[in-house]
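Each protein sequence line maps, in turn, to chains A and B. For reference, each letter of the first sequence is one residue, going 1 to 117 in the numbering used here. For reference, each letter of the second sequence is one residue, going 1 to 221 in the numbering used here.
Any given hint might turn out to be false.
Said to hold, decoys possible - Straight-line Cα separation of at most 20 Å, SDA-like style, residue types lysine to any residue; simulated pairs:
1. A:Lys51 / B:Glu56
2. A:Lys51 / A:Glu91
3. A:Lys113 / B:Asn49
4. A:Lys2 / B:Pro50
5. A:Lys64 / A:Leu13
6. A:Lys2 / B:Asn49
7. A:Lys2 / B:Lys64
8. A:Lys2 / B:Phe52
9. B:Lys63 / A:Phe115
10. B:Lys64 / B:Tyr82
11. A:Lys64 / B:Thr51
12. A:Lys64 / B:Asn49
13. B:Lys63 / A:Arg116
14. B:Lys64 / A:Arg116
15. A:Lys2 / B:Tyr82
16. B:Lys63 / A:Glu89
17. B:Lys63 / A:Leu13
18. A:Lys64 / B:Pro50
19. A:Lys113 / B:Glu42
20. A:Lys113 / B:Glu56
21. B:Lys63 / A:His88
22. A:Lys2 / B:Lys63
23. A:Lys2 / B:Asn68
Treat the hints as calculated values from the structure; they're not laboratory data.
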Amino acid sequence: MKPIEVEKVQQMLDIFKDKEVYVHLETTNGAYASHVNNAAYNVGAFIRNAKVFYNQAKIVGDGKSYRVGLKMEMGWIYAEGLTDWVIHENEQLLMAGHDREGRLMVSLEISEKPFRY
Amino acid sequence: MESHVVVIFPHPDDESFGAAGTIAKFRAQGVPVTYLCGTLGEMGRNMGNPTFANRETLQAVRKKELINACNILDVKLEMLGYRDKTIEFEDRMQVANHLKEYLDRIKPSLVITHYPEYAVHPDHNALGAATIEAVRLIEPDERPVVWAQGFSRNTLEDLGNPDIVNDISDFYDKKVEAIFAHASQAQGVIRQQQNNPDEQMDIKELAKKNLSDEVFYTWEF
Chain A
1 MKPIEVEKVQ QMLDIFKDKE VYVHLETTNG AYASHVNNAA YNVGAFIRNA KVFYNQAKIV
61 GDGKSYRVGL KMEMGWIYAE GLTDWVIHEN EQLLMAGHDR EGRLMVSLEI SEKPFRY
Chain B
1 MESHVVVIFP HPDDESFGAA GTIAKFRAQG VPVTYLCGTL GEMGRNMGNP TFANRETLQA
61 VRKKELINAC NILDVKLEML GYRDKTIEFE DRMQVANHLK EYLDRIKPSL VITHYPEYAV
121 HPDHNALGAA TIEAVRLIEP DERPVVWAQG FSRNTLEDLG NPDIVNDISD FYDKKVEAIF
181 AHASQAQGVI RQQQNNPDEQ MDIKELAKKN LSDEVFYTWE F
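If we strip away everything but chain A, and leave its shape as in the complex, we get (with noise of 0.2 Å):
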């Protein structure tokens, strides 16, 4: 992946929006994290394949860490801490933040054909 490119990613967005999209939306802190730090907690979610539908997108930012938000008729799809994207096999919106180890922490990701599953 390569540092996000606003433009770039807001075009990608526009692409999809106002069609049937599946989504990949995923946060980890990873299995470990309550193992290796006692003070810390174990959180994720995560979903893949939602079939979603949304009429609006933006992705906000400061230059370093990005926000992407998707609007749908009924309700919400954003991410927080976005860092990196790529166009995957020439039609796939993959987008991630990593830390500074290379360990991704977020993911959104929107495909007019599902995700292998």
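Put chain B on the given structure of chain A with help from the hints.
Same frame as chain A, now just chain B:
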């Protein structure tokens, strides 16, 4: 001497970090070893440092690393096809029966797995528990011995000292080679295992500090 050893762990790299020295020792004695690897670690957080994988490519990257590590350790590999981080949500007896199919065919004299509830990662605990159930389904006089590995903070306090302590110093280089076959994971895992990681310390020296013995508890049925 063992006739055949089956190692059952959920993730590519569990075999290398947890049991590579023990596996190498058995292979040096000519004992066949089969690794039943539960998932492809597709939900791993480590994407390499600097990152060279992403959530969608990680599965293929780790599958390749797993095959390399198993070639280095000279073990037969079977991939069970579960999804990383979901094993505990599967039906335990269904997983146990799936594992038993392999055990019935291989007829191992020893099975190595994680100690349920003492192996930190939910996949470790769930696949360990399913393995215990699979072996329990085998008639007592035909049951293989089970060595279970636990490493949660309360393991020593609750379970006492492990009865199997394998000094793997003769096979240390092999173990490091197997660990580093998992290029996407090795650095991240080794640094995480240190409470106060010294960023300057050579990663292989860090590994050596941490990986001298491999210990297990013999399961009592």
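Taken at face value, is the distance from the CA of A:Glu89 to the CA of B:Lys63 at most 20 Å? holds, 19 Å
Pairwise hint evaluation, A:Arg116 against B:Lys63, where the allowed Cα distance is 20 Å at most: Cα-Cα ~15 Å, so holds.
Satisfaction of hint between A:Arg116 and B:Lys64, Cα-Cα up to 20 Å: holds, 18 Å
A:Lys51 paired with A:Glu91 [C-alpha distance capped at 20 Å]: Holds, because 16 Å separates the two Cα atoms, which is no more than 20 Å.
For the pair supplied as a hint, A:Lys113 and B:Asn49, is the alpha-carbon distance within the 20 Å limit? Given pair A:Lys113, B:Asn49 is violated - Cα atoms ~30 Å apart, limit 20 Å.
Proposed proximity, A:His88 with B:Lys63 (alpha carbon, max 20 Å): The given pair, whose Cα atoms are some 19 Å apart, holds under the 20 Å limit.
Starting from A:Lys64, check that the Cα of B:Thr51 is at most 20 Å away, please. Holds - the C-alpha atoms of B:Thr51 and A:Lys64 are around 17 Å apart, at most 20 Å.
Hinted pair A:Lys2 and B:Pro50, Cα distance within 20 Å: holds, 11 Å
Given the hinted pair A:Lys2 and B:Phe52, is their Cα-Cα distance within 20 Å? holds, 10 Å
Proposed proximity, B:Glu56 with A:Lys51 (alpha carbon, max 20 Å): holds, 18 Å
So if I understand the rule, the pair passes when the alpha-carbon distance is 20 Å or less; does A:Lys2 with B:Lys63 pass? violated, 23 Å
Is the Cα-Cα distance between A:Lys64 and B:Pro50 20 Å or less? holds, 17 Å
In terms of the numbered hints stated before, the structure departs from hints 3, 7, 15, 17, 22, 23, listed from lowest to highest.
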